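Student: Using the sequences and the hints, build the whole thing.
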Amino acid sequence: DSGVTQTPKHLITATGQRVTLRCSPRSGDLSVYWYQQSLDQGLQFLIQYYNGEERAKGNILERFSAQQFPDLHSELNLSSLELGDSALYFCASSGRGPGLFFGSGTQLSVL
Amino acid sequence: AQSVAQPEDQVNVAEGNPLTVKCTYSVSGNPYLFWYVQYPNRGLQFLLKYITGDNLVKGSYGFEAEFNKSQTSFHLKKPSALVSDSALYFCAVRDPNYGGSQGNLIFGKGTKLSVKP
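Line order of the protein sequences matches chains A and B. Residue numbers for the first sequence follow the working numbering, beginning at 62 and rising by one. Residue numbers for the second sequence follow the working numbering, beginning at 185 and rising by one.
Just so you know, the hints here were simulated from the structure itself, not pulled from any lab data. A few of these clues could be false.
Unchecked claim - Calculated pairs, DSS-like style, for lysine-lysine (alpha carbon to alpha carbon, straight line, at most 27 Å):
1. K253(B) x K296(B)
2. K118(A) x K293(B)
3. K253(B) x K70(A)
On a predicted model such as this, the values are computed, not experimentally measured, just so you know.
Tutor: Below, the structure is given as structure tokens:
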């Protein structure tokens with residue numbers, strides 16, 4: 062168990078809808094990262110937050126946004142969903158110890 | 185542009201034999217290199233990293249990786265494979281556009297390792 066919790070595990074929705082993915086980092090970790098994993102694009106960095114502030118932005122679409130709350134949990138908001146947004150979305154945190162600690166992911170299916 | 189290549193989609197090894205999963209990289213400046221493993225229905229797990237120092241890096245579960253600057257490679261190795269090593273392995277490099285953070289990574293496409301009894 063990595064200590065990173067993501068909910069929900071699975072999400073099925075329709076095109077044009079909006080969803081929110083939630084992530085709780087390991088206790089004490091201040092940095093949260095969001096990654097998208099798809100068959101065609103592989104693993105891509107989306108965005109990083111550190112202690113409530115956006116630190117870096119990667120290949121994140123304008124339809125997507127994120128935030129990190131005072132209790133350090135983070136949410137990734139995906140809106141105007143398209144079929145191509147179907148993917149596995151991972152949250153990871155870092156702090157103590159080497160490397161990133163990944164959650165088990167949220168599998169998003171857009172129908 | 186920064187990139188990571190894993191030239192093999194799949195590597196098949198017999199249990200007890202040595203294994204190698206290949207990775208080459210292209211990045212400006214000194215590379216920070218990582219290996220992660222993904223088991224089915226799980227998130228990625230950190231195996232090892234190279235930042236500086238000894239070219240042979242030892243990591244979790246008996247894995248090691250050899251950094252070769254002239255060949256821009258960072259191959260993952262294990263002397264004796266186990267069936268339980270079967271998983272998807274990702275090589276990654278820190279994206280230098282994001283400064284000191286080790287979490288903004290560029291990942292390879294992954295290599296599926298299959299270890300047969």
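Student: Hints first: check each against the structure and report whether it holds.
Tutor: How the hints compare with the structure:
1. At roughly 25 Å between alpha-carbon atoms, K253(B) and K296(B) fall within 27 Å of each other, so this suggested pair holds.
2. Taking the CA atoms of K118(A) and K293(B), the gap is near 21 Å; set against the 27 Å cutoff, the hint holds.
3. Simply put, K253(B) and K70(A) have alpha-carbon atoms about 40 Å apart, too far for the 27 Å limit, and the pair is violated.
Of the numbered hints given earlier, the model fails hint 3 alone.
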